[in-house]
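Model the full structure from these sequences, guided by the hints.
Heads up: the protein sequence lines correspond to chains A and B, in order. Positions 13 to 128 (the working numbering) are the ones given, in order, by the first sequence. Positions 293 to 405 (the working numbering) are the ones given, in order, by the second sequence.
Treat the hints with care, as some may be off.
Claimed, not checked - Taking lysine-lysine and the PhoX-like style, the derived pairs with C-alpha atoms no more than 20 Å apart in a straight line are:
1) B/334 <-> B/349
2) B/329 <-> A/111
3) B/360 <-> A/19
4) B/360 <-> B/329
5) A/77 <-> B/360
6) B/349 <-> A/111
To be verified - Covered by chain B, according to a simulated footprint, are these stretches of chain A (three or more residues, beta-carbon under 8 Å):
7) 19 to 30
8) 87 to 96
Think of the hints as simulated: they come from the structure by calculation, not from any bench. Backbone N, C-alpha and C fix where the C-beta goes; we use that ideal spot for every residue, glycine too.
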Amino acid sequence: SAVISQKPSRDICQRGTSLTIQCQVDSQVTMMFWYRQQPGQSLTLIATANQGSEATYESGFVIDKFPISRPNLTFSTLTVSNMSPEDSSIYLCSVLGTKGTNEKLFFGSGTQLSVL
Amino acid sequence: GENVEQHPSTLSVQEGDSAVIKCTYSDSASNYFPWYKQELGKRPQLIIDIRSNVGEKKDQRIAVTLNKTAKHFSLHITETQPEDSAVYFCAASRMDSSYKLIFGSGTRLLVRP
Chain A
13 SAVISQKPSR
23 DICQRGTSLT
33 IQCQVDSQVT
43 MMFWYRQQPG
53 QSLTLIATAN
63 QGSEATYESG
73 FVIDKFPISR
83 PNLTFSTLTV
93 SNMSPEDSSI
103 YLCSVLGTKG
113 TNEKLFFGSG
123 TQLSVL
Chain B
293 GENVEQHPST
303 LSVQEGDSAV
313 IKCTYSDSAS
323 NYFPWYKQEL
333 GKRPQLIIDI
343 RSNVGEKKDQ
353 RIAVTLNKTA
363 KHFSLHITET
373 QPEDSAVYFC
383 AASRMDSSYK
393 LIFGSGTRLL
403 VRP
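Structural data, given as structure tokens:
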């Protein structure tokens, strides 16, 4: 399965600022996603990161707040813009990889974000 | 819209007993159903999955069953051990189109020694 590196692992930020999270995969992958996990909650899909084109956002998430880049098949960034305390969450990238002959979805180690 | 319901939200069992977690999905086009285990402060780890062309899959102490007609799937853990204590999430996806995972709300499993 793919090795997924995510950074930073955690950060504490002031409200009104922005943070960019990076996701690096050790092999080319076709699909990359960004999820949010609010404290004590389940995972919610923010968007699908599309290589070379604009990301596809889920209902309730907009590009101005969560701009996403995916310049190639191994790398993506998620920016959390103009942060407020409500943005305090774990942000996880996910990739479609293979294990044996089957496609599976794997997660990066996550970024724990706290907004003061 | 697409939805996955998961029950129970918490489950406490004695070491050695079995644990069962159940999920129901709404999107009849879903064809892939993974289960993730998340320990405190760690990423979700895929522990087992099942595709819509089979009804049951087993991996050592873990098994998953799928009822496509009823749109139900379940996780079964036998001979539970304290290290099984974690939050378990079910999910549903269309693995031939969007690949998006729709997650259940999670089950906190506590295995008492």
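How the hints compare with the structure:
A hinted pair counts as satisfied when its Cα atoms are at most 20 Å apart, and residue 334 of chain B with residue 349 of chain B does not qualify at roughly 26 Å. Our distance criterion of 20 Å between C-alpha atoms is met by residue 329 of chain B and residue 111 of chain A, whose separation comes to about 17 Å. For the suggested pair residue 360 of chain B and residue 19 of chain A, the alpha carbons sit about 39 Å apart, so the restraint of at most 20 Å is broken. The suggested pairing of residue 360 of chain B with residue 329 of chain B is violated, with an alpha-carbon distance near 23 Å, which exceeds 20 Å.
Taking the CA atoms of residue 77 of chain A and residue 360 of chain B, the gap is near 38 Å; set against the 20 Å cutoff, the hint is violated. Our distance criterion of 20 Å between C-alpha atoms is met by residue 349 of chain B and residue 111 of chain A, whose separation comes to about 16 Å. Under a criterion of three residues with beta carbons nearer than 8 Å to beta carbons of chain B, the stated coverage of the stretch 19 to 30 of chain A fails, only 0 such residues being counted. Coverage of the stretch 87 to 96 of chain A by chain B is violated [criterion: at least 3 residues with CB-CB distance below 8 Å; count 0].
The structure fails hints 1, 3, 4, 5, 7, 8 (numbered hints given earlier, in ascending order).
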